[in-house]
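Knowing the structure of chain A, use the given hints to seat chains B and C with the ligands on it.
Residue numbers (the numbering used here), protein chains in the order written: chain A, 358 to 794; chain B, 13 to 497; chain C, 11 to 261.
It is possible that some hints are incorrect.
Computed cross-link-like contacts, DSS-like style, restricted to lysine-lysine with a CA-CA straight-line distance of at most 25 angstroms [claimed, not checked]: (1) B/Lys368 with C/Lys27; (2) A/Lys404 with B/Lys83; (3) B/Lys368 with A/Lys639; (4) B/Lys83 with A/Lys409; (5) A/Lys727 with B/Lys470; (6) A/Lys409 with B/Lys470.
Just so you know, the hints here were simulated from the structure itself, not pulled from any lab data.
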Amino acid sequence: MNVINTPLLQDYVTAAAALPGAGDKRITALRADAAASYRSVGLPNPKIEAWKYTRLKDLEALPFSRAEASALVPDTVEGSGLAALSARIVLVDGRFVPELSVLPTQAGVSVASLRSCLEAGEAAVVAILDRDVDFSQAPLAALASAYLDDGAVLKVEDGVSVSKPIEVVAFSSTDPATPRIAFPRLVVSLGKGAELTLVESFSGPALGVYAVDAVTDIAMAEGAKLKHYVLQAEGRDATHVSTGRCDLPKDARYEGFILQLGGKVSRHEMRLRMLGEGSDAKLNGAYAAKGDAICDTTTQVDHIAAETTTDQVFKGILDGKSKGIYQGKVHVFRDAQRIIGNQMHNALLLSRAAEVDCKPELEIYADDVKCSHGATCGELSDEQVFYLRSRGVDAVTARAMLLEAFLGETFAMISDEAVSAAFAAKASAWLDERERA
Amino acid sequence: MPSTIETVETVQELTGAYKYGFVTDIEMDMAPKGLSEDTIRYISAQKNEPEWLLEWRLKALSLWQKMEEPKWAKVDYPKIDYQDLYYYAAPKKKGDGPKSLDEVDPELLNTYEKLGIPLKEQEILAGVVAVDAVFDSVSVATTYKAKLEEKGIIFCSFSEAVHRAPELVKKYLGSVVPQSDNYFACLNSAVFSDGSFVYVPKGVRCPMELSTYFRINAQNTGQFERTLIIVEEGSYVSYLEGCTAPQRDENQLHAAVVELIALDDAEIKYSTVQNWYPGDAEGKGGIYNFVTKRGACRGKRSKISWTQVETGSAVTWKYPSCILQGDDSVGEFYSVAITNNAQQADTGTKMIHIGKNTRSTIVSKGIAAGRSDNTYRGLVRVLAGAEGARNYSQCDSLLIGDKCGAHTVPYIESRTPFSTLEHEATTARISDDQLFLCRQRGLSSEEAVALIVNGFCKEVLQNLPMEFAVEAQKLVGISLEGSVG
Amino acid sequence: MSNGLVIKDLRVSIGDKEILKGINLTVEPGVVHAIMGPNGSGKSTLAHVISGRPGYEVTGGSITFDGHDVLEMEPEERAAVGLFLAFQYPVEIPGVTNVNFLKTAVNSLRKARGEKELDPMAFLKLLREKAKALELPEDMLKRQLNVGFSGGEKKRNEMLQMAVLAPKLAILDETDSGLDIDAIRIVAEGVNAQRSPDRAFLVITHYQRLLDYIVPDVVHVLAYGKIVETGGADLARRLEKTGYAEYTPAA
Ligand SMILES: Nc1ncnc2c1ncn2[C@@H]1O[C@H](COP(=O)(O)OP(=O)(O)O)[C@@H](O)[C@H]1O
Ligand SMILES: [Mg+2]
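Bound-form chain A, shown alone (with noise of 0.2 angstroms):
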């Protein structure tokens, strides 16, 4: 139906044949499933209510193939630019490389190549893979795990507290031959009471087509505490889907941050779901976007458990062509009482021809919960403007330091100072080339 079923999906069988761990009957059942609902959903379209404001139009029109392990490893990829970190783990086109990346010495702390987990069929992996996943509103998710292939493994034992953050960085090349999608693919898993600060890094060339579907899983166990934080600097031509998944038990933290940057279509997606009393979390994020780039940041938090709370505050600027698109929803279940949930989201538009979606949603099944939420959109404040241009401030230089100070809010809540401060440069940096051009 799709150009994307044809040369992905038809020889699928035998391509799956030949993935890790083919052998291994929950793998394959994994795959099968995930492959047959991709089937029958096909590529994103607007009948899906998920993806009702975003298209991928070169995954439409493309003739996209399965990117195979890359002849061409660069000597650095770029990541968030943070020096301190306690390791760096390296995927280019999907696939783990040893030889970039920087392992962990800390004890209890391990990484290990997906590939490696899935051939040895190792059960805590497949358990997490295997979590139950509505594939109906996700097609690329279940495009990602119809290919389930390489990634990485992270682990934190019990009681661990990583000292520094880890950065994943997943980088893709380009194939001016054909274009070409990559899967990486990040399992993480927290023992109780472990803490860690993960990074996780997209980018590749600037210029030059090419399409990254990425999954990460996350498992906590309780009283974990996780600062995750996303930095999306994909190519101009890129097009980047990420689907996150993280389940949060018993007095579980979660603080997550997504900056979107980068690619011509990009959609964001996490997802979190409170299964534990006590279990607290906070997602916030800024986007920008410039020419005819769409941006897609899309959140769901489902409130299973009574007692739990979360806060999301996002932020976007549009400029150019660009569309921005941000769509949240908090899912209050039937029984879970003593529910706090808010989210906030705020755009700008820059320009006539930018647009921005929004849809903030709220679906609530128990009475005892506080649940708000709150969505603006509009051009920068005049009366700011004139304030600062009064005080002698040149409109162009006003009206940066109003959109830097309207991101750096949300920068501001990034309790690691280092990401903090890295996220706010590659703001600054974007703002700048905005400027310039």
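Leaving out everything else, chains B and C with the ligands in the frame of chain A:
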């Protein structure tokens, strides 16, 4: 007397049961059961309609036969068998039909009397409200016609308008809600029976509230009314509608279409108190209320304001909307939707900003109790070129009990930087502390709920014309009876 | 050329409504003028038009400052030639810290005047000094601009900006409103400390109270879009007793 005490007293006065559930025993003319070209020819012939209107209906039928019932709303009901319904029911005419109110069947007058809508002119609120009473498929009486005609205002049943003002009907029918707009609107376009028609000429401020009272009586009958309101340059009208139906075990279908047109500097205020039979506590029976209401602010500085109090119906699917075409035009939507027991409501609005400096305000209060589901679904869309557009939306939900659901699904789409859109939503419940305070002061828990909920809805209720506001406050209390133990 | 502010027959409208109906006013260097008048008479409008706030249509007349054609200039250019407005309602700017804002402003002005940027240490020293004089706590400098400031804090923050930016003409638009008597005293002392032969003030106020502390050289009454009376400091005291009732709208 402070209104709060008044509310509590009113609630005390009234007892639990749906008080409009009685059936009027009257002889009816019915169309043959089922939906076909023949049904439509029958309806059209009954109304002596011109050829073009029959053609228009038939076109709608053929469109409808190709359409699918929408599934996106958060409502769940058994499949409707459209061939198992009567599409037309009218009280048997005695001779030529009534020339004046004196000739109206006393049984009908009696029915409206019982509903609290006296149709004898001298009794109607000292001349401030004119009423069009629609009984099943036809309008049975319109009051104060003569007085309105003096000002050039036409207020009559839709069937009458087809003959009295054919040019206007032809020009505006379907111009706001096209036949193909949606499944239920299309069905209505094919089979609509009666409804109200209002025309206010240039520069006239309608001196009284215009009101239509809809009553479904007959069994297995759908009600498909169609209302068309046209307000010319610089004119104003305030229109109210009320709805009730008997208590029956079967579900009944109501699929109405309302079209409003406001030209330069015109203003239309449209208020609804919808209290169709909601079904019993177990969810048996009740009205399926699938309604398309839309207003076009065609003129500069025109204004359309929707206020609705939705307490009835088993299933409600309704999104009164404004198309803000004229520069500086204004759209408003004030809504209270209450669901109790097994009721389901999916309601909200669409504000489409096309003209420059258009403004819209949305205030929605959803209250869910029992095992009901209550959804606000709204769209605010600002098209490129709608510079200076502003929207403010506020959607609050209140949950009573832990078996119900309250949902908020706003879509906000902006295509111009020179616009300001603000949306806020909150969900809360009646806190034990609030209830306790009221009870400590001597209120029963039901009185306390009525009091608190009325406070929660105040911003909306105060937009209703006075005569309706009191009625609506009572309704709020009654609708929630049995919601706290 | 330093002949101060010269306004000639200024007419200003908002939409279709004429607010200022022919204002003539000259504020010479070093002189303190006060403008008093009933609410809605156009005092803020005048201040805004001088500083170049968008939203007003100048339908006639001229404004010059030291020979510059003010109406032809951008707001920041007006600031660069030494015009300063202390707003009646200072706007909040989330995400921009007070320090960062002032540093940017100071350096923008210096740049526009062809001066070298201040080094950060020198700037901080200057800022601390001025803040101290206005009894502003130091943590206010690190806070976001006007965000969560009380009414009085906002006004004092305006005075801090004035002290740091050292304008040639400072327009104070109802700086006293919302201040208690102690705060008024602090503000007045700040202003008085800055009075000098090359710095003029235009003090807009509704009440005479502020003028007990900042004694003006000239007092004007603005009513219904026109300056209806001009006098010395005693005019303010007279108005304190009689109010503005004697000034009725022009026919
Ligand atoms: N943005 C505006 N739109 C329309 N009228 C305005 C606006 N701002 C001020 N006005 C009107 O202009 C007149 C003068 O206002 P203003 O200059 O603020 O007076 P003052 O500062 O003396 O109290 C008032 O009548 C006020 O209502
Ligand atoms: Mg003022």
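### Task
Against the structure, test the hints numbered earlier, and report the numbers of the ones violated in rising order.
3, 6
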